[in-house]
Amino acid sequence: MTPGRATGGMWYTFLTNRVAQAGGTIIVSTLMAILLVRLLSPYGPNEKDYMSILHMPSLAHPFGTDSFGQDVLTRVVYGAQVSLIISFGGLILGGLVGSVIGMASGFWGGVLDAITMRFIDLLYSFPTYVLALCLMLLLGYGSRSVSLAIALVYVPNFARLARSMTAATRTENYVTAARLMGQSPTRILLREILPNIAAPLLVQFSAGLGFGIILEAGLSFVGLGVQPPTPSLGVMMADGKDYFQKAPWVLTLTGVSVAWIILGLNLLGDGLRDALDPQLRRRLS
Amino acid sequence: MIGSFAMLVVGAAVVFLLLHAIPGDAAIAALGDSASPDVIAAFRAQHHLNDPLAVQFWSWAQAALTGDLGQSISLAGGFSTAALIAGSLPNTLFVGAYALILAIAISLAGGSIAASRHGRIEDVLATSGAIVTISLPDFWLGYVLVLVFSLGFGWFPAYGFTRPGDSLAGAFHSGFLPALAIAVPMAGILSRMLRATLLDTFRRAYVVSAHAMGFGRFFIFWHYVLRNALIPYVTAIGLQARYLLGGVVVIERVFGVPGVGSVMVDAAFARDYGVVQGCAVVFLLIVIATNLLVDTICRLLDPRRTA
Amino acid sequence: MSISRRHLLTGIAGAVATNAAPAGLGQYAYAAVANGQTLRAALTGFSVMNTLDPGKAAVNPEFFIIWGMFNTLVKFDAGMKVVGDLAESWTNPDPTTWEFRLRKGVRFHDGSEMTADDVVFTFERIADEKFGSPVRKRMATVTQVVALDPYTVRLKTDQPFAPLLSALTNTRTSTQIVCKKAVLAMGNEQYGRTPIGTGPWKLKEWRPNERLIFVAHTEYFESGLPRCGALEVPLIKDDASAINALAAGGLEFVNAVPYGESDRLQHMQGVTFSSVPGLNARFMALNIQRPPFDDVHFRRAVSMSINREAFVQAAVFGQALPSQGYIPKAIGWAYDDTPHEYAQFNPVRAKEELAKSKYGAGTEAVITGFPDAWWTRMIEVFVDMSNNVLGVKFRVELQDARTAYSRWTQNDGQAWSMGWIALCDPDEYLFDCFHSTGWRNFSKYNNPALDKLLEQARQELDREAKGGPLYKQAERLIADDCPSVFLMNTFSNSAVLAKVKGFEHTPYDGFGAQLAPMSIS
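Chains as they are written, first to last, in this note's numbering: chain A, 10 to 294; chain B, 13 to 319; chain C, 231 to 751.
Treat the hints as calculated values from the structure; they're not laboratory data. Possibly wrong hints are sitting among the right ones.
As the list claims (entries may be wrong) - For each label pair, taking beta carbons as the anchor points, the in silico distance ranges come out as:
#1 A:I124 with B:Y218: 38 to 46 Å
#2 B:P64 with C:D388: 39 to 47 Å
#3 A:L68 with B:W167: 32 to 40 Å
#4 C:E452 with B:A57: 36 to 44 Å
#5 B:F165 with C:K731: 23 to 31 Å
#6 C:F361 with B:A33: 27 to 35 Å
#7 C:K731 with B:V160: 29 to 37 Å
As the list claims (entries may be wrong) - Mimicking DSSO-like on lysine-lysine, the simulated pairs with C-alpha atoms at most 30 Å apart in a straight line are:
#8 C:K729 with A:K255
#9 C:K386 with C:K411
#10 C:K731 with A:K255
We put the CB at the ideal spot given by N, CA and C, even for glycine.
Work out the full structure, taking the sequences as your base and the hints as a guide.
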C-alpha cells in the first residue's frame, strides 16, 4: 500500500464515520460559539465589575458572573482557547520529542534503545501529577510551564508507541528496499517509516489533547497553573470551587464546558482511529 | 532484575537533582516568616543542607540501601520517611483498590453488555456513557458528588477519610465518593477497551468454530471469549496503577484522603527532599511490582505464554 | 471533685449525641475516648506542621496547636489586655527587672509540677545558640533568668524593654513553658513530636498531614476546663471543604472561614458565625531599591490609586478594615485612625504625584504573590485598580508561597503581595519591619527619625499612655514614605455549630487557646 492512497481512503472513512461526525459537530459548534461570543460579547475576559459579583445566570450573563464580576461565558470562551493552546503546544512538543526518541531507538535498537527506553520507563513510572508539580516548582508557574509539563507527561507515551511501530516496520519490504537503494537513515525514517506510523501517533495525539486540558485544569485548579488574570478553564474552576455553595453555576457550567470540549475531542479521536485503522474498522463493522 | 535496580538508582538520582534545582530550601519552608538569617544558617548547618550535592546524595543513597529512608526535616520534623509512608500508603492503596474494584465492576458489565448487544440500543448507551465519563475532569466530578450525595442527601461525609485500620466499615463509607470519582472515568476507559477486544475475539476462528461445534453461547463467552479478551484488559488495568498512586492527588485534596501522593506534594512544597525521594522510590517499586503482577496474571490467563 | 463528676455525667450524655454525627471526621477519637465529648475543630488552610516544640515553632499552624497544649507566664484576654496565666502577678522593681509570681499546683501532662525551674529552663533553652530557636535574637535582650524560690522568677533585661510582656504571652512568642524533666528525658527532637505542656490538651496522636488527636488534661489548673473529653484537629488545606464538612455536621468548629463564605454562614441554620478585627496586616511590600518603586512620588501615586473601601469589598468581600499602616485595630492603644493623605483614594492627587515621579503612565512592574485562595484575589484587584487609575502596566506573577517569601527576604523582585499574621506587639510590626536594623526590613528602609522614635518607644514602660502616641507618630512617618502600600486588616472569622457553647473569639485567631471552654450541648 502506498501512503497516498491510504490517506485518501482514510479521509473518506473519517468524514463518513458517524462518531467522527458527532465529534466534528461538537468541535465546530464550539468554535463557532467561541467566534460568536468573541464578536458579540459586550464584556472583555478580564473586565471586572465589582458591583455584580457572583450574579446568577441571566440574559445579560448567560453563565452568570464569577467572584470578580467577570462574565463567566466570555471567560469560558477565552479560557477554552487558552487551555486548548496550552494542551496543543504541550502535545506537539511531547509528540515530537517522544516520536523522535522512539523512532531512533526503534530503528537503531541495541544499546541506544536499551538505555533510552530505561529512561522512558522511569519517566513513565513517575506519577503524572507529581511530575508536573515538580516541574512547576522548578520553572515557575505559567502557561509555558504547564505546556512543558504536559509535554513531559506525554514523551513516554509517544516514545513507546513510536518505538514499537518503528521496530515493526523496520523489517518491512519497502524499508529494506530503501536501504538497499542506499538511502540515508534519516531519509528512510522520514520518507518511509514516518508515513506508515503516523496514524497511531495521530490517534495518540488526539486522545492526549483532551487529557492535556484536564491536566492543565488540575494544575490551575490547585493554583499552580496559568497566571491571573489570564482565564483558563482550570483557573475558572478553581475560582468556582471556592464559591461553590453560593454560586454553583461557576464551577458547574465551566465543568460542563470542559467536558463538552473534551467529549468532542474524544469523539473526533475515535473517528480518526477507526478511519486510520482499516483492520479495526473491518473488525468492528 | 538488574535493570530494575539500575532504574531505581538512576531514578533516585534524577529526582534528587531535579529537586535540588528547585529554588528555595527546607530552611525557608520550616521556618516560615520567622526565618531570620542566623536561624536559617543554623537550620542549614544542622541538616547538612550546605554539603555538596554529591555528598548529600551519597549519604542518602547509602542509608537507603540499608532500608533507611531518613527523616523528615521540614514536613513533619523528626518523623521517619518510612513512618510517613506507612501512615499514608495504606490509605492510597485502599482508595485505589476500592476505585479499581468499582471501575472493574462497572466496566465488565458495561463492556460485555455493549459487545454482546453490539449495534443495539444497549451498546449505544454504554458506549456513549463511556465516552462521556472519560471526558469528565475527575476533581470536578468530585465536587459534584459532594454536592449531591453529601450536602444534598447526606449519605456520605463531605470531607475526611477514616483509615481502614481504625474502622473498616468507616473506610468503605468515607472512601466511597473519592473512589467513585476516580473510578468513573477509569471505567469509561476500561469498558471501551473491553468492548473493542471482545468484538475482536468474537470473530476469531476458534470462537467461530466453537459456535459451529454447537457449544452454548454463555459457555463460549465465558471459556473462549472473555478469557482471551481479559489479557489486554488486565494490561490496561496495570497501566492505571501509575494514575491511582499519584494522579489522584487532586481528588485526595478534595475529599481529604491522607494519601501518599498528598504527602509527596506537601513534601515537595516544603522542600523536604528526603521525603520526596523516599516516596519516589516507593512509587517506582510499586510500579515495578505491578508490572510483574500484570505479567503473571496474563501468563496465568494465557496457557500459550507459559512456555 | 463535684465539678469533675458533673463534667463526667454531661460527658456521657454528650457522647450519645456525638455518636449520631456522620462518620468520617472524628469517628476514631470518639471510639478512643469513652468518658467525654469529642470536639472536632478543623485547622484550615494548612496541611503541614513541622514541630510542636514551642521553642522551635516557626509557622502559624504549629502555634495554633501549641496554644492549646502549653501556657505562658502571661496571656492576652479577648480585649488584648495582658493578664496572668502561669504567673499570678508580676512587678517591675526597676525598669530592667521583672519578677513573676507563679501559680502553685500547676501540673504538666506527665503529672509533674511546674515550678520556677521549668521557667528558667525554658528561657535558657531559647537563649542557647545551639538549640537554634527562631526567637533567640528577639529574646536576647533578656540577660538573666533566675528562680528566686520555686514559685518566683526574675528576668533581667539589658535595657528597659517595654515589649517584653507581649513576648511572654501565649501567642507567636515561643516562650511557652516547657517541661524540663521531659525535655531532658526525651531530647529536643523527640519533644517536638511528643511534647509535654501544662495546657488543657494533651497530645495523644499526631498523624502528619492528616490530623492531631488530643485528650483532656484532667489536672489542668483552671478548674472545669477543658469541657470536652477529647479534641480532634483535622488539617484541612482547602477551606471551602472545611465549610462543607461543618455544614454536613462533620465538624464543630472551623477557625478560618473563607471570606467569600462569610455572608452565607452568617445566615446558616445551626451555625454561629463570629467575626472580630484580626491581628494582621496585609500590604504590598515594595522594593524601594529598584525602579520603579525607588521613587517616593511613584509609591505615593500607587498608594493613592487604591480605593481601599472598594478594595476590601472586591478582594475579601468586605471582611476587612481598610488600613493605612501596619498596626492592626485590635491593638487599640497604638492604632492610629486619623486619615493619612497618602492612604486615601484620590485619583487626582495620585496623577499629580505620578507626574512628579521619574516614571509615567505605562510603567511596567511585576507584583509577586502566591496562589493561596484569596491572596490571588488581593493581588489581582490591586493590579486592576492601579492600572485603571494610573495607566501603569502592573503584572501578576504567582509563585509558591515559600519561593515568593524567600525572594522578598532577599529583596529579589519589584513588589510582593504579603501579610503579617498574629504578630501581637506594635514593636514587632514597626521596629522589626522598618527600623534600619530590623530583621524583617528586607528592602533596607532607612529613616533616622523613625529609628529614634521606635527606640524611644521600646524604653517606655507605660505603654498605653506614653508608648501609644510614639507608635502612632511612627506610623505617620512611615506612611509619608510609602515603603509598602498598606491595604487592609482582615477580620478573623470563625464558625462554630450552634450546639457548641463557650466559644470566646480572640483577635489573634487563638485556635488552640479558644477550645478549652467549649462544650457540646
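Hint by hint, here is what the structure shows:
no.: 1; hint: A:I124 with B:Y218: 38 to 46 Å; in the structure: holds (41 Å)
no.: 2; hint: B:P64 with C:D388: 39 to 47 Å; in the structure: holds (40 Å)
no.: 3; hint: A:L68 with B:W167: 32 to 40 Å; in the structure: holds (37 Å)
no.: 4; hint: C:E452 with B:A57: 36 to 44 Å; in the structure: holds (41 Å)
no.: 5; hint: B:F165 with C:K731: 23 to 31 Å; in the structure: holds (30 Å)
no.: 6; hint: C:F361 with B:A33: 27 to 35 Å; in the structure: holds (32 Å)
no.: 7; hint: C:K731 with B:V160: 29 to 37 Å; in the structure: holds (33 Å)
no.: 8; hint: C:K729 with A:K255; in the structure: holds (24 Å)
no.: 9; hint: C:K386 with C:K411; in the structure: holds (24 Å)
no.: 10; hint: C:K731 with A:K255; in the structure: holds (27 Å)
In this structure, every one of the numbered hints holds.
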